[in-house]
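Full structure from sequences and hints, please.
Chains as they are written, first to last, in the working numbering: chain S, 3 to 264; chain F, 3 to 264; chain C, 3 to 264; chain D, 3 to 264.
Hint data in this document are derived by calculation from the structure and do not stem from the laboratory. All of these numbers come straight from a predicted model, not from anything done at the bench. Hints should not be assumed to be uniformly reliable.
Under the rule of at most 27 Å between Cα atoms (straight-line distance), these lysine-lysine pairs were calculated in the BS3-like manner [said to hold, decoys possible]: (1) S/K35 x F/K137; (2) C/K35 x D/K35; (3) C/K137 x F/K137; (4) D/K35 x S/K137.
Number of protein chains: 4
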Amino acid sequence: MSKQEKIVTGLGKAELHRILVRGYDLTEDLVGKITFSQMTFLMLVGRMPTAGQTRMIDALLTILVEHGMVSSIVAARLTYHTAPEAIQAAVAAAILGAGSVHLGSSEWSARMLQEALPPGTDGVDLDAIAADVVKRYEERQQRIPGIGHRTHADGDPRTDRLFQIARETDVYGRYCDLLQRIARAAAARRGRRLPVNVTGAIAAVASDLGLPWPLSKAFAIIGRTLGAMAHIGEEIRNPMAANIDAAIKSALVYEANEKEKT
Amino acid sequence: MSKQEKIVTGLGKAELHRILVRGYDLTEDLVGKITFSQMTFLMLVGRMPTAGQTRMIDALLTILVEHGMVSSIVAARLTYHTAPEAIQAAVAAAILGAGSVHLGSSEWSARMLQEALPPGTDGVDLDAIAADVVKRYEERQQRIPGIGHRTHADGDPRTDRLFQIARETDVYGRYCDLLQRIARAAAARRGRRLPVNVTGAIAAVASDLGLPWPLSKAFAIIGRTLGAMAHIGEEIRNPMAANIDAAIKSALVYEANEKEKT
Amino acid sequence: MSKQEKIVTGLGKAELHRILVRGYDLTEDLVGKITFSQMTFLMLVGRMPTAGQTRMIDALLTILVEHGMVSSIVAARLTYHTAPEAIQAAVAAAILGAGSVHLGSSEWSARMLQEALPPGTDGVDLDAIAADVVKRYEERQQRIPGIGHRTHADGDPRTDRLFQIARETDVYGRYCDLLQRIARAAAARRGRRLPVNVTGAIAAVASDLGLPWPLSKAFAIIGRTLGAMAHIGEEIRNPMAANIDAAIKSALVYEANEKEKT
Amino acid sequence: MSKQEKIVTGLGKAELHRILVRGYDLTEDLVGKITFSQMTFLMLVGRMPTAGQTRMIDALLTILVEHGMVSSIVAARLTYHTAPEAIQAAVAAAILGAGSVHLGSSEWSARMLQEALPPGTDGVDLDAIAADVVKRYEERQQRIPGIGHRTHADGDPRTDRLFQIARETDVYGRYCDLLQRIARAAAARRGRRLPVNVTGAIAAVASDLGLPWPLSKAFAIIGRTLGAMAHIGEEIRNPMAANIDAAIKSALVYEANEKEKT
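Structure representation (C-alpha cells):
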C-alpha cells in the first residue's frame, strides 16, 4: 500500500493505555475537567474555547433539543414502537430528518453567508455585500434563507436571545452583522418586516465561531439526538406507543378507488 | 377521536410565542443560563441536576466522543463520501452501530444491574445479590457484561476516573457498589483479575443517576454524534475520502471461484 | 499487513471491464436474463433457484410491500417532509423500524425453529420437538413467536396463501411442518385456536429455503423499501406533507404541568 | 379535526380480512401471481406493467445489487459488526450512502432530462434541447450528469446492455434518445468521447418508464438493500468482522501532533 493510500486523522487515537483527543490525554486532561460544550468546540474547531465561546456553544446546543411532538420526534417514537430493542435506530430516524426544511435548514443560511463573505476575506463593505445578496435572490425569485418567519413577524424571541448572548460573549462578529444587514436590506426593498429567524441566527453565530457551513447544523443534530433519547425515555417509563399508533391511524385515511391515481 | 387515542408528552410544547421544556420557558429560563449537560439531565431525568450531577454528566458525555478511526466513524466517513450533501445521514450511519458489541454495550450491563436490584428496592444484601449474579452467569456460561478487559487486566484507567468522579460528586451509589462487588466475586470465583471496564462503569453510574437501563447508552450516542460530526468536519476541511476508499479497497480482497461457497 | 488481516468476499468483484456476481458475469449472464427474485435467491442462498423457488421468493417479496399507513411508512413520510432532498434517508427511516414488534418479527420465529431443529439434523421426531418447544415457552410464560393472531383467530388468509404456494412449489419442508405441529400442540394444550400467523409462515418458508434465521427478515426489509419509495413517490406527485403534519399534531397533545412527571 | 387535516393514501389499505394494494386484493390477486418487479411497477407507476416493462424493471433492479466491497457495503458490515442484533440498522447504513456521488447519482441525470424536457411536452426538437443542455453546463463549467466515464472511454458495457433491453422491450423513448443526443453533442463540442454511463442509462430508462426524477434511484436503493443483506448473510455464515476491523485499522493512521490542524 503506497503512502497516498493511507488515511490519517488528527482528531483522536487509541493507544494501549491512553486515548489522545486533539493531543490531549482523554482521561487525564478532559474527562471530569471540561464540559461537553468545551469538548464540542475542541472537536469541531480544534482548540479549547474561551469562557464566552463555551457559553455560546451551550446556548446553541440547548435551543433545539425540545420543541414538542415535531416530525423528527414522531419518527423516533414510531421506530421505537416497532423496534424497541434497538433504540439507536429510533434516534437515527429522528436525525435523518435534519434536512433543508426543518432542523437542518441553518446549513443553507450559513452557506449563503460564507459564500457571500468567504472566511479570511479582508477589507469588505458589508452593506454592499448585503445589497448584492438581496438582489441575487430577488433575481432568482428565491426566499433568502434565515430571514422571515410565519408567526414572528416582529422578531423571533429566540433570535434576540442568541444575538444577545453572542454580544455578551464577544462571539458576535461580521457574519451576525452581515445577516442583520441582509435582513434590513431585504425589508427595505420589499416594504415589510423580515427579521432574522432562529435558523439564520444559528447559522450566523456558527459562522462567527469559525465553523464551515455544513457543520452549522451540528448543534441541531446533537441537540435533537438528546431530545429523541428523552422521548424514548418517556415511552419506556410510560408507554404510549399503542396510543401513538391509534392516534396516527385515526388521522390517516385511505381513499377508495384510487387505482387510477398515481 | 376518543380521549384514549390522543397521545401526550410531558417533555415539551411549542406555543405561539414561547416553547416550554419540562415546564421551563426555553428562551427565558434555559438558553444562555444552563449548560448542555444540565439540559441532558433535565430531559432524561426530569429535574435540574446538582452541581455534582452536572459534572458527572459532562464526564459521561465526553468519555466516548473520540477514540480514533473506529467502526462507527469509518461508516460515517464512507457515507459522507458518497452522499456529502446530506451529512445527517452520515451521522446516523455512525450511531446505528451503537449495539451490543461496541458503543451500546453499557445497556446490557445496566440491565443486569437493574434487574438484579430493581429501582426502589430496599434493605438489600449487595454481596448476596452479587454472588447470585455471578452464579447465574456461570450456569449459563455467559460473560458478565461490564467486567473484564482484553488489554487492561489491571484495571481500565477510564473506569477508575469515572468512579473517582462519581465519589467526588456523590453520584456513587448502590449500583456502582454492586458492580464492584460483582467484579470481586467473579474474580474470586475464577481466580483471575476481572476489573470493571468502562462500559460497566458507565452503566453503573447511569443507573445511580436514576436512568432506566436502555437510556444508559444515551451518553455514547450523544457523544459519538459529536465525534462523527467532527470527523465529517475534518473531511470537509481536508478531504480524504478518495484515500479512505483506496485504503479500504486495498485491504479487502475478492476470492475467486467462490460460487460454491455460500 | 498479514494475510489474516485481509478480508474477502465471495459475493462480487468489480474488474476493469466486467463485474462478477457469485461467479456470473453481471452484464452477460444476469441483467436482462434473470428476475430480481432469482437474483435474490442467488445472492442470499448462493445458487440459481428452481422455477418453484423463484415463485416462492416472489411471494415472500410482495406480501409485505404495502399495508397502508403503518408506522414505518409514516416515519418515512415525515422524514421526507423535512429532508426532501435526500430520499434515501426517508427510506432508511422506514426500514429502521423492522424490529421485534413489526416488520422484523419473523426473525424471532425463524430463530425458534432453527434452534429447535438445527439445519442438517437428521432422523428427528417433529412431534416431540414441537411438544418440547410448547413446554419450554409455557415454563418461561412467553408467547410462541409466529402463532396466534388478534383478529384472525380462524387462520390468517396470508398464511394459508403462503403455505399453499410452498406446497405447489415444493418449498414446503420440515420447518413449515414443524411450525404447524407447534401450532397444533399449543392449541391442544391451551384449549383455543392458535393458528400460524403470517410472520410465522414467512419464518418457516425462509427456513425451508435454507436461510439462516436472521435473514428471514430480508423479504420484509426489501419489500418495505419498495413500499416506502412508493409512498415518497405519492408525496412527490401529490404533496400531503403539510396535511400529515397537521394530522399528526392534532392527535398529539402536550399535557400541562408535567414538570413533576418523568 | 377538519377534513383538510386528514391525509389519505391511494396506495394501500389494511381492512379486517384483506389488504388492498392499488385496488387489488393482496392475497387473492397479487401474492403468488405476480413477480416482485411487477409489484415494483405497480407501486411506483400505478398500473400493471407490460411483459416488456417487467423485463426492463428486472434489469434495473439487478444491475446495482452487487459490485464487491464498495463503500455502502463496508458501512453495512461495520455496523453489523457492532450491532449484530439489529441487522435492519446495518442495511440502513448501506442505503444512507445513496447520494450524489455514488448509488444515488442517477437522480441528477434524471432531473436534468426531465427539466430539459418536462413530461407531457409535445412537438419538441430533441437536438435543439440537447444543444441547449450542453451549452448551459458549459457556461456553468459543470460536468453533465450521466455521460463520461473514467475507465470506459469507449462506452460502458452496462449502458449498452440497458439500452439494448430498452429497445427490445419498447421502453426506449425520448428520454433515452435525448440523453444519447446530449452525449453526442457534448462529444462533438469537446472533441473527445463522452459516452452515456450506467448512471445516465438508468436515469433515461426510468424517465421513459414514467417515473418522476427523484424516484430514478429507487432501483439502486432496492437493489443495494438486497446486496447489503447478502453481505450480512456472508458475515453470519463466515464471520469476518474482526478481520474487517483489523484490515481497516491497518489502513487508517493517526498523525501525531495534529493539534494545530483543524
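Taking the hints in turn, this is what the structure says about them:
no.: 1; hint: S/K35 x F/K137; in the structure: violated, 39 Å
no.: 2; hint: C/K35 x D/K35; in the structure: holds, 20 Å
no.: 3; hint: C/K137 x F/K137; in the structure: holds, 25 Å
no.: 4; hint: D/K35 x S/K137; in the structure: violated, 59 Å
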